[in-house]
Amino acid sequence: MFGTVRRFAASQVLRAAAPRSVSARSIPQLQKWQSPLSLSSVVATRSLHSSFPRLSAVSAEAVEDVLESSRPAAPTGEFAQLATDNIIDGSLIKNIIQPDRMGLKTMTEVQFLTLNEIVKGDDILAQAKTGTGKTLAFLLPTLQNILNDPSVDPKTFARRARTGPSEIRALIISPTRELAEQIAVEARKLAFGTGLIVQTAVGGTQKRAGLAKIQREGCHLLIGTPGRLKDILSDPWTGVSAPKLNTLILDEADRLLDQGFSAEIEEIQALLPNPAEVDRQTLMFSATVPREVMQMVRKTLKRDFKHVNTVREDEVPTHERIPQKLVYLRGLENGLPAVLELAQKYQERAESENLRPFKAIVYFNSTAETKISAEAFSSLANSREFRMSPLGNVKMIEINSRLTQQARTRSADNFRRAREAILFSSDVTARGMDFPDVTHVIQVGVPREYETYIHRLGRTGRAGKEGEGWIFIHKGEHETYRKRLGRLPIKGDSPTNPTLLTAGADMSQPQSPDTPEGQIITQIQEALASVPADLKVSSYMGQLGTATSSFSYKGEAIQALNQLSSIGYGMATPPYLSPRLVQQMGLRGVTGVSVGDRPRESFSRGGDRDGFSRGGDRGFSRGGDRGFSRGGRGGRGGSRGESRGDFLFGDRNRGDREGFSRGGDRGDRGGFSRGGNRGSFRPSGRERYSDPSFKEGGSFDF
DNA sequence: CACGCAC
Numbered sequence: 261m262f263g264t265v266r267r268f269a270a271s272q273v274l275r276a277a278a279p280r281s282v283s284a285r286s287i288p289q290l291q292k293w294q295s296p297l298s299l300s301s302v303v304a305t306r307s308l309h310s311s312f313p314r315l316s317a318v319s320a321e322a323v324e325d326v327l328e329s330s331r332p333a334a335p336t337g338e339f340a341q342l343a344t345d346n347i348i349d350g351s352l353i354k355n356i357i358q359p360d361r362m363g364l365k366t367m368t369e370v371q372f373l374t375l376n377e378i379v380k381g382d383d384i385l386a387q388a389k390t391g392t393g394k395t396l397a398f399l400l401p402t403l404q405n406i407l408n409d410p411s412v413d414p415k416t417f418a419r420r421a422r423t424g425p426s427e428i429r430a431l432i433i434s435p436t437r438e439l440a441e442q443i444a445v446e447a448r449k450l451a452f453g454t455g456l457i458v459q460t461a462v463g464g465t466q467k468r469a470g471l472a473k474i475q476r477e478g479c480h481l482l483i484g485t486p487g488r489l490k491d492i493l494s495d496p497w498t499g500v501s502a503p504k505l506n507t508l509i510l511d512e513a514d515r516l517l518d519q520g521f522s523a524e525i526e527e528i529q530a531l532l533p534n535p536a537e538v539d540r541q542t543l544m545f546s547a548t549v550p551r552e553v554m555q556m557v558r559k560t561l562k563r564d565f566k567h568v569n570t571v572r573e574d575e576v577p578t579h580e581r582i583p584q585k586l587v588y589l590r591g592l593e594n595g596l597p598a599v600l601e602l603a604q605k606y607q608e609r610a611e612s613e614n615l616r617p618f619k620a621i622v623y624f625n626s627t628a629e630t631k632i633s634a635e636a637f638s639s640l641a642n643s644r645e646f647r648m649s650p651l652g653n654v655k656m657i658e659i660n661s662r663l664t665q666q667a668r669t670r671s672a673d674n675f676r677r678a679r680e681a682i683l684f685s686s687d688v689t690a691r692g693m694d695f696p697d698v699t700h701v702i703q704v705g706v707p708r709e710y711e712t713y714i715h716r717l718g719r720t721g722r723a724g725k726e727g728e729g730w731i732f733i734h735k736g737e738h739e740t741y742r743k744r745l746g747r748l749p750i751k752g753d754s755p756t757n758p759t760l761l762t763a764g765a766d767m768s769q770p771q772s773p774d775t776p777e778g779q780i781i782t783q784i785q786e787a788l789a790s791v792p793a794d795l796k797v798s799s800y801m802g803q804l805g806t807a808t809s810s811f812s813y814k815g816e817a818i819q820a821l822n823q824l825s826s827i828g829y830g831m832a833t834p835p836y837l838s839p840r841l842v843q844q845m846g847l848r849g850v851t852g853v854s855v856g857d858r859p860r861e862s863f864s865r866g867g868d869r870d871g872f873s874r875g876g877d878r879g880f881s882r883g884g885d886r887g888f889s890r891g892g893r894g895g896r897g898g899s900r901g902e903s904r905g906d907f908l909f910g911d912r913n914r915g916d917r918e919g920f921s922r923g924g925d926r927g928d929r930g931g932f933s934r935g936g937n938r939g940s941f942r943p944s945g946r947e948r949y950s951d952p953s954f955k956e957g958g959s960f961d962f
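Counted from 1, the first sequence has number 413 at position 153 by the numbering used here; the numbering is strictly sequential.
Do not rely on the hints blindly, as some may be mistaken.
Stated by the list, open to error - Calculated pairs, BS3-like style, for lysine-lysine (alpha carbon to alpha carbon, straight line, at most 30 Å):
# : residue 1 : residue 2
1 : Lys504    : Lys585
2 : Lys380    : Lys449
3 : Lys743    : Lys585
None of these hints come from the bench; they were simulated from the model.
Start from the sequences and build out the full structure, keeping to the hints where you can.
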């Protein structure tokens with residue numbers, strides 16, 4: 261599928277300074293490198309919503325016709341041609357095409373479509389699907405532009421002369437540290453032998469050492485995360501400034517321009533030379549550009565910026581060939597058993613059907629949940645039984661922002677290299693990370709944003725490879741799911757023939773030791789039992805915010821969390837919520853809420869060794885301590901037995917598993933039908949498949 | 001209370 265013309269809202273199209281648009285289909289002759297845009301640059305006009313009428317200065321229909329007929333057979337050009345045509349330096353191209361280097365031959369669509377624009381010096385917003393080579397798309401022409409800069413003499417590069425901390429020509433900002441490092445690795449491969457110096461500036465590393473390296477080696481291209489970049493650029497003592505900066509690149513631009521980052525991005529921009537004095541090109545790249553950030557995009561880019569879009573508006577914004585499946589969980593406690601069952605079932609048939617080994621990322625909406633899940637699966641993987649199973653070689657790896665940077669880097673490297681592994685991850689890896697051969701992306705719970713889903717899913721199916729996407733949600737999250745993700749081609753599970761038996765199992769009941777699903781559930785319950793009690797509390801607390809906002813009813817969220825803590829975690833009572841928190845979250849009077857002071861012992865033992873001592877102010881800019889306890893937990897199992905008497909599973913006779921929801925009439929599945937027509941746990945087939953957001957057809961090859 | 005982002 262090829263790119264299409266970018267549509268601007270009708271009101272914008274009619275503005276005099278409306279940005280031009282570029283598309284693959286607007287470039288009929290791929291050989292015409294010198295001026296492909298002059299051939300067919302199109303002022304594209306279509307509304308952001310395809311239901312809007314098309315408006316155009318020229319006939320939109322005519323444009324579409326021309327574009328259709330000129331659609332090229334291949335989207336790309338050869339990298340080698342760029343050197344032949346003298347567009348890109350031979351050393352850069354050599355680094356790309358040599359088999360023992362990057363080994364690439366042909367440009368991807370986004371690379372092809374942005375190259376001339378960037379070399380020309382225009383501001384652009386480039387939108388392309390995940391895994392289609394956006395990084396190289398901005399690195400290659402940007403490095404070329406530095407080489408083209410007459411104030412930078414290539415001959416001196418080899419001797420590393422005339423490079424210094426003030427020679428920075430381009431700055432790349434990334435929303436996460438790992439992504440910044442990954443971009444730097446690619447940039448250094450590309451720059452090999454050119455004399456161009458690539459440096460990084462990210463948090464969690466020694467600031468002084470990084471600065472010394474920049475002072476010593478110089479820097480033409482600096483890649484970093486917002487906090488550290490702002491730090492070193494605003495600190496006059498660092499000696500690092502960018503008086504000659506010509507290029508600013510925002511990778512994952514929509515993320516960097518959203519609420520959590522935009523203020524810092526603006527502060528960094530204010531630290532750069534005045535664009536009126538030093539001409540500056542700004543480039544933005546992302547797979548997603550939600551409507552809400554377009555205003556920020558316009559504010560940041562020059563008025564005549566170009567929007568290069570390789571995502572057809574009328575197609576799903578991610579690979580259609582990546583099958584995606586929704587599984588309903590009976591309770592939140594069914595999530596981890598379902599993950600294990602999915603892994604087992606795939607791996608059991610992997611060998612006979614010659615499938616790639618299981619390499620999955622499991623995404624959670626809270627850090628504590630990634631940690632408790634990784635702990636449980638790690639302890640599970642230590643058992644002899646597990647090691648003898650088909651999953652015996654699967655490594656369990658955790659990554660989230662509360663690990664030390666050293667541990668984060670190690671986790672990312674281990675997962676990158678692993679053949680068979682499960683990465684339990686927060687959204688720290690959701691964007692841009694390129695882990696080879698990820699077979700499964702599993703999302704537990706409804707992601708906080710539509711875009712989050714797209715980027716997480718994009719960790720699989722990269723570079724033309726296959727993959728599967730799964731999302732596990734509680735039925736109480738159904739409405740939020742529909743609103744947020746309902747437009748995606750996610751296939752619902754069969755109500756009569758469910759894919760994952762553990763997803764729908766009643767975990768409050770004793771499990772049969774004779775069925776695979778019973779064994780899985782028991783394994784998970786026992787593994788969770790050995791997890792330190794404070795981690796269970798943290799996990800509960802960490803899910804409070806997301807659950808109460810993704811469930812349609814707060815009471816149902818509390819009920820589900822309480823059931824998770826008892827049936828899933830084996831806790832005797834759910835954690836207490838302070839009156840203040842209850843007030844803040846609007847939980848006053850909600851059934852099942854345990855109001856009170858947090859049990860001191862949950863936190864006194866072990867303190868914040870997990871990095872989860874709460875109550876701190878986590879905001880960087882607010883001067884608070886984030887509660888990070890560097891150094892991590894050391895080895896596993898150091899504090900076993902902490903879950904002591906709170907472990908209920910020895911008792912198979914307990915009649916009331918809900919325990920703490922007493923007083924509510926919702927002990928069983930009560931309350932779920934309270935909304936009126938919201939139906940039973942599994943929506944009926946008619947409900948599901950008559951809904952346009954549930955697409956039938958296509959085989960989901962489980 | 002909820003991703004990530006500096007000391």
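- Could you work out which earlier hints the structure fails to respect and list their numbers in ascending sequence? Number 1 - this is the single hint that the structure violates.
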